[in-house]
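Read top to bottom, the protein sequences are chains A and B.
Residues in the first sequence are numbered from 1 upward in steps of one, following full-length UniProt numbering.
Residues in the second sequence are numbered from 1 upward in steps of one, following full-length UniProt numbering.
The following residues of chain A were derived to be distant from chain B, with all beta-carbon distances above 10 Å:
| id | residue |
| --- | --- |
| 1 | Gly114 |
| 2 | Glu253 |
| 3 | Cys307 |
With a Cα cut of at most 20 Å, we get these calculated SDA-like pairs of lysine to any residue:
| id | chain 1 | residue 1 | chain 2 | residue 2 |
| --- | --- | --- | --- | --- |
| 4 | B | Lys38 | A | Thr266 |
| 5 | B | Lys43 | A | Gln265 |
| 6 | B | Lys38 | B | Gln79 |
| 7 | B | Lys38 | A | Thr225 |
| 8 | B | Lys38 | A | Tyr263 |
| 9 | B | Lys38 | A | Ala226 |
| 10 | B | Lys38 | A | Gly264 |
| 11 | B | Lys38 | B | Gly61 |
| 12 | B | Lys38 | A | Asp224 |
| 13 | B | Lys38 | A | Gln265 |
Calculated directly from the structure, the hints in this document are not laboratory data.
The beta carbon of each residue, even a glycine, is placed where N, CA and C say it ideally should be.
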Amino acid sequence: MPAVEDTRADARRMLEGLLAASHLMPLEALPARVAEHATAAGLTEVSIYIADVQGNVLRLLTGDKGTGEAGPGEEAELKVEGTLPGRAYQYVEVLADRSTGEQGHRWWVPLLDGTERIGVLRITAADDTGRTRQDMVALASLVALILVSKRGHSDVYARLTRAEPMNIAAEMQWHLMPPRTYADGRVVISAAMEPAYRISGDAFDYATAGPVVHLSIFDAMGHDTAAGLSANLAMAACRNSRRQDAGLVEITERIERALIEQYGQTRYVTGIVADLDTTTGTLTWVNRGHHPPVIIRGGRWISELRCRPAHPMGTNLGLEARLCREQLEPGDRLLFYTDGITEARGAGDTEFGLERFVDFLLRHHADGLPVPETLRRLVHAVLEYHGGRLNDDATVLVCEWLGPDPDTTTEAAARTGLPLP
Amino acid sequence: MTPIHDADRPARRLRAEQRTAAGIRVVSLHGEIDHNAKDLLRKALGPYDARPAHIVADLGGVTFLDSSGISVFIAAHQQIADAGGWLRIAAPQEAVREVLRLVTVDSVIACYPTLEQALSG
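The whole structure should be built from the sequences, with the hints applied where relevant.
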């Protein structure tokens with residue numbers, strides 16, 4: 001039995017070795033480098049599985065082309081529904097796999113970019129002590145960071161996350177938008193969008209700047225590549241103005257000008273741009289022809305944040321854009337959404353509807369399900385409701401305000417299913 | 001995403017009928033106004049460049065209106081108004097009225113609950 005100091009030194013050698021190797025390697029080399037360095041900590045048979053954009057399957061990253069042959073005992077693709085690795089992904093849990101008999105202890109460990117789930121690691125360990133668990137979680141954290149640092153220039157990664165071909169607008173949007181989940185001690189933000197491979201004009205954004213959390217959602221008219229371009233233009237203009245300290249009203253006016261410059265008045269974008277001051281809970285926003293935000297308080301109280309909207313950006317209809325204001329309470333959840341969530345036409349012409357949408361969120365929140373998993377299930381339910389075929393993009397952006405302190409993270413960890421240290 | 005093709009659902013395909021009442025052109029629309037129907041809608045509302053046009057779009061038979069249709073109405077409104085005429089919307093069903101309200105078009109294009117009210121202004 002090695003001394004505690006020895007096992008700590010082993011784990012450190014594993015992490016340092018992998019960190020050092022990470023500077024000069026393509027993403028595809030990661031499985032081999034991880035295997036090489038993980039043995040220092042007694043972890044063997046490490047496989048990296050990446051989730052597809054819809055969170056339906058976990059796919060094995062292998063070899064030079066990234067999607068080569070699975071090794072012995074490996075499966076190239078695992079379903080998220082109804083499997084142990086899928087459960088590790090859905091609930092963000094480190095799970096022991098008892099199906100392997102006597103050959104050591106096999107584990108499934110979630111891969112997280114912050115709080116965004118990107119896949120799972122399969123690991124075999126010699127024992128199942130608390131120390132081993134910590135080593136596995138540390139390895140998974142580092143592997144996730146390396147994946148995220150390299151995926152921006154890896155087609156292998158992009159291919160792995162797609163179970164079917166994407167349209168051009170989806171290609172633009174997924175690269176433009178921030179990760180679908182973010183959390184710190186003040187807020188938990190999560191978003192979902194379908195049809196993931198056939199997006200047209202929807203986009204969402206969020207960003208932090210000191211105590212302010214910016215949130216925005218856009219829905220560009222039409223269902224074509226031009227809709228994707230309009231949404232891209234709106235979002236880039238929003239970021240550009242924001243980073244030059246423009247106020248919310250002015251941001252929407254600059255977006256309108258950018259759209260008119262490019263498209264005359266033939267294309268428009270509806271949307272909401274908002275700032276949440278996390279020290280006070282004050283929400284300010286501007287509505288440009290979009291569905292009003294919905295607020296959920298105390299897990300039951302629901303209201304729409306009514307405030308007179310201005311015209312959609314790009315139409316130049318001359319209505320005055322006004323800044324709206326609402327005081328939130330800690331624990332309030334704010335929902336932004338687009339037409340596709342509530343209004344898509346089903347087989348019997350009955351809409352999914354705002355009520356069904358909010359009920360779904362309330363029910364799963366009460367079950368204690370991680371927020372990103374709730375949204376994954378929500379968009380699946382919306383898709384299923386419409387027979388797997390949506391006529392319009394369906395996007396939802398949820399932001400829960402927890403309180404003023406970024407470092408008080410227990411609540412945020414619980415909301416996102418994060419395993420506590 | 002590609003909308004469900006018109007041919008799948010002929011009953012919902014947009015139809016337009018034109019008539020003139022007391023110098024006002026009434027365009028009666030029936031069916032769904034989506035991406036597939038926007039060219040037909042544009043033609044039905046036009047031409048409006050010649051002289052001041054007075055047009056009432058009767059939406060009593062319209063069961064669905066999306067952003068493509070909204071865009072056609074806005075463009076038509078702007079061109080007609082520039083030429084000194086007007087476009088009014090009559091009798092939108094509740095779902096359609098909600099869309100018009102949401103995107104604030106009802107603040108710009110006058111909307112009336114009935115065709116008679118739209119004709120008498």
